[in-house]
Amino acid sequence: MSDKPVVVVAEDEPQIANLVRYKLEKSGYEVLWGKDGQRAWELIQESKPDLVILDVMMPIMDGFEVLRAMHDGPETREIPAIMVTARGMEEDILKGFEEGAVDYMVKPFSVTELAARVKATIGRREQDTE
Amino acid sequence: MPQADVLTASIAMAVTYSVIGLFVLVVFMFLSLIVLRIVVARRERTFDGKVEEIRPAVYELLTGDSPAGEVVAELHATIPMQDRRALEYVLLENARVLKGRELEILTMVFEQLGYADEDITTVRHGRDIKKAESAFHLGTMRTARAVPYLVSLLSSSSPEVKFSALNALSKIGTPDAIAAVMEYLATDNDLETMRVAEVILERKQAFSPYLEEWLKRGEADIPRLELLIDLVGVMKDTKAVLVLFDYLAHENPAVRARAASALGSIRDISARDRLEIALFDEDPGVRAEAASALGKVQCIEAIPLLKGSLADPDLAVKMNSAQALSQLGEEGYAALEEGLAASEDQERRVVAEVMAVQQIRNGEGG
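Listed in order, the protein sequences are those of chains A and B. Each step along the first sequence adds one to the number in the numbering used here, with nothing skipped, and position 27 is 27. Each step along the second sequence adds one to the number in the numbering used here, with nothing skipped, and position 359 is 489.
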């Protein structure tokens, strides 16, 4: 595995996942894509990423279930997660924070803004661990 | 040979040839379908392949450091004419999920490469299915100059065309587009709440003041009032709570029931006292919606009243009260069990059923 920071993108819409992946890889991250919550959770356990981007609405396991699983795992509970919610589902934001998310984005969003938030969150985490 | 035998032989031959002819026709049609399917599949594969090829160029356009004008010129020069549809597809799929500067870039490309003109022409002269599709494209790309043409689609006889135009106008969101949608809401008699809600949710901030003002004026027939009340409920418009209180006292029971339901959807705890009063409305439909709403707004103080409503003569009120109690934590469950113990056998079955359903739902929710 490379020295690049690893980001797991949990997103069931390929067009969003592809674009986010392109932008983050270009910004210097290694990106792993889980097309459903179950696959994303497997990738999180395998790779212990630096950050997770979690869509709320996903098949098999939704974003909240993945967050809870991360929180219950001793090796995953410190990994920061950014939630991505659909417009009109703003109550998901509060629920996401209660479950341990550190930030959120509402669809549709700016991929440049998302990349900036990823950078800021990973930067804060590195500062905290130093 | 006797004449009868000749006739029989002729009939037999005719039948045989007919059967063979029919068989050949069926085989021919079957083979034609297979060929058609292969051709369509090949075209789809080719299209998908082109889309895959074009995506990185569009991603670069959106995320790269090069000036957008340069990238557009490059796209124009490098994408062959026959791949225009694939490029349009990629522009649209990205415009659907992006906003801000990235959406502005996509809108500019859509204009400069002539897609907006093509779609406006289709909106004016195309078949209904194509009009609806082009209206959707223009809305996704926020093409403001298409507003007059989209407004003209609102008088179409096709519901698909009308809703596609409404959706596009709502997404474009300029003052003239918003005014056209509001005018349509005030005059059309063929509205479907959920589809209208889907449309105006795109621009909740822009539409909310209009809907609130309209509800305050109250100048609408009963079906339109019900629609407006449903919409502010779906939009979870907290600013509409006060005006909804007035509608809880409306003379029409269907309007009162809608107001109670909307207050439940908005989940504003300030509605508690009014909903408790509505629990004693003379109309069972209003009582049922009020009970349901008290559960949704998490009104612990209403537990004794909801427990009392378990003995309501109306089945819907009973069921909604049981469900509301089951949403109010341990205290609510305890009240539900007490109500269950005190009720007649039939009531107990209803309540037990509701509790079982609720437990299954809680289980599904993790």
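Calculated directly from the structure, the hints in this document are not laboratory data. Be aware that a few hints might be false.
As the list claims (entries may be wrong) - Negatives, chain B to chain A, calculated, CB over 10 angstroms: (1) Ile141; (2) Tyr147; (3) Arg185; (4) Glu204; (5) Arg215; (6) Glu223; (7) Asn224; (8) Val227; (9) Gly230; (10) Leu233; (11) Ser285; (12) Leu445.
Claimed, not checked - Here's a subset of chain B near chain A, in silico, CB distances under 8 angstroms, partners left out: (13) Arg167; (14) Tyr189; (15) Leu192; (16) Ser196; (17) Leu228; (18) Arg231; (19) Glu232.
The beta carbon of each residue, even a glycine, is placed where N, CA and C say it ideally should be.
For this session: Verify that the Cβ of Arg215(B) lies farther than 10 angstroms from every Cβ atom of chain A, and report whether the claim holds or is violated.
Result: holds, 16 angstroms
Problem set entry | Separation of Leu233(B) from chain A, once the least beta-carbon distance is taken, above 10 angstroms | With a cut-off of 10 angstroms, Leu233(B) comes too close to chain A, as the shortest Cβ separation is near 8 angstroms.
Exercise. Going by Cβ atoms only, is Glu232(B) closer than 8 angstroms to chain A?
Worked result: Check passed: Cβ of Glu232(B) comes within 6 angstroms of chain A, closer than 8 angstroms.
For this session: May I ask you to check that Ile141(B) keeps its beta-carbon over 10 angstroms from the closest beta-carbon of chain A?
Result: holds, 62 angstroms
Problem set entry | Minimum Cβ-Cβ distance from Glu204(B) to chain A exceeds 10 angstroms | Holds, because the least Cβ-Cβ distance between Glu204(B) and chain A comes to about 17 angstroms, which exceeds 10 angstroms.
For this session: May I ask you to test the interface hint for Ser196(B) with respect to chain A, counting a Cβ-Cβ separation under 8 angstroms as satisfied?
Result: Violated - the Cβ of Ser196(B) stays beyond 8 angstroms from chain A, reaching only about 13 angstroms at its closest.
For this session: Examine each Cβ of chain A, and state whether all of them lie more than 10 angstroms from the Cβ of Glu223(B).
Result: Violated, since 5 angstroms does not exceed 10 angstroms.
For this session: Verify the interface restraint on Tyr189(B): the C-beta must sit less than 8 angstroms from at least one C-beta of chain A.
Result: holds, 4 angstroms
For this session: With a cut-off of 8 angstroms on the beta carbons, see whether Arg231(B) makes it to chain A.
Result: Nearest chain A Cβ about 7 angstroms off; hint holds.
Exercise. For Tyr147(B), which was marked as not at the interface, is the minimum beta-carbon distance to chain A over 10 angstroms?
Worked result: holds, 55 angstroms
Problem set entry | Leu445(B) and chain A, when compared Cβ to Cβ, separated by more than 10 angstroms | Fine: 30 angstroms to the nearest Cβ keeps Leu445(B) off the interface.
For this session: Mind checking the CB of Arg167(B) against every CB in chain A and telling me if the closest is under 8 angstroms?
Result: At 25 angstroms from the nearest chain A Cβ, Arg167(B) fails the 8 angstroms test, so the hint is violated.
Hint compliance for this structure: hints 3, 6, 7, 8, 9, 10, 13, 16 are broken, all remaining hints hold.
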